[in-house]
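Spelled out, the chains give:
2 protein chains.
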Amino acid sequence: MTECSVSLDNLFHALADPTRRAVIEQLSHGTASVSELAQHHDMALQSFSQHLKVLEDCGLVSTRKVGRVRTCEISADNLAKAEDWISQQKKVWHETFSRLDDYLSDLQNGETQE
Amino acid sequence: MTECSVSLDNLFHALADPTRRAVIEQLSHGTASVSELAQHHDMALQSFSQHLKVLEDCGLVSTRKVGRVRTCEISADNLAKAEDWISQQKKVWHETFSRLDDYLSDLQNGETQE
Numbered sequence: 001m002t003e004c005s006v007s008l009d010n011l012f013h014a015l016a017d018p019t020r021r022a023v024i025e026q027l028s029h030g031t032a033s034v035s036e037l038a039q040h041h042d043m044a045l046q047s048f049s050q051h052l053k054v055l056e057d058c059g060l061v062s063t064r065k066v067g068r069v070r071t072c073e074i075s076a077d078n079l080a081k082a083e084d085w086i087s088q089q090k091k092v093w094h095e096t097f098s099r100l101d102d103y104l105s106d107l108q109n110g111e112t113q114e
Numbered sequence: 001m002t003e004c005s006v007s008l009d010n011l012f013h014a015l016a017d018p019t020r021r022a023v024i025e026q027l028s029h030g031t032a033s034v035s036e037l038a039q040h041h042d043m044a045l046q047s048f049s050q051h052l053k054v055l056e057d058c059g060l061v062s063t064r065k066v067g068r069v070r071t072c073e074i075s076a077d078n079l080a081k082a083e084d085w086i087s088q089q090k091k092v093w094h095e096t097f098s099r100l101d102d103y104l105s106d107l108q109n110g111e112t113q114e
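Taken in sequence, the protein lines are chains S and F. Using the UniProt record's numbering, the first residue of the first sequence is number 1, and each one after it goes up by one. Using the UniProt record's numbering, the first residue of the second sequence is number 1, and each one after it goes up by one.
Because the hints were derived from the structure by calculation, they are not lab data. This structure is a prediction, so every number in the text was calculated from the model and none was measured. Mixed in with the good hints there might be a few duds.
One copy or two, it doesn't matter: identical chains are merged, so the pair holds either way.
Distance condition first, Cα-Cα at most 30 Å in a straight line; then the derived DSSO-like pairs of lysine-lysine [stated by the list, open to error]: (1) 53 to 65; (2) 65 to 81; (3) 53 to 81; (4) 91 to 81; (5) 53 to 91; (6) 65 to 91; (7) 90 to 65.
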């Protein structure tokens with residue numbers, strides 16, 4: 001696995017393409033060979049292999065070759081890294097919103113007591 | 001909000017850049033003006049505005065202008081759409097993995113009873 005496997009730039013770039021997301025969706029149901037994956041996509045095998053390389057380079061998919069068959073597997077840990085970044089922003093946003101809500105409630109109560 | 005606000009292609013593309021992720025991180029702490037956001041980034045205002053436009057076009061950030069000040073706000077709902085897609089793939093993957101685990105356990109128990 002290369003250094004870019006932990007790069008959010010590369011992870012989100014890989015996920016920004018419908019073919020690559022479809023591969024992740026397929027692989028979430030279990031391992032598959034390159035030809036099993038490619039048959040669902042109306043494009044040349046060379047083009048499909050380039051999409052697979054993007055997923056492999058950023059660590060979202062791992063592959064291993066036994067004989068003439070290359071089998072692909074999802075790397076859930078790296079998928080989780082992209083999810084964790086988004087979750088963290090949402091968490092901070094909700095905390096900020098909640099504090100603002102409390103502040104506005106305090107203001108309103110203060111006004112009521114006057 | 002334009003049609004592309006719900007496009008995962010555009011959402012993930014927007015998140016694949018460190019400047020744009022930094023803007024999201026800043027805005028998760030509360031609203032900010034364009035100049036408040038821009039001061040943290042060592043680039044021309046025009047370049048920064050282009051990043052902001054990408055975030056605005058895909059619905060991750062909304063802006064409103066009062067007088068000469070444009071204020072930016074995060075759109076948590078669209079951030080959640082990107083997170084939901086990833087969560088769904090992880091969920092399916094874990095279910096698949098769990099079923100495989102059960103199957104292997106059953107196999108092992110069968111072998112033990114023989």
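Of all the hints numbered above, which does this structure not satisfy? Sort the numbers upward.
none
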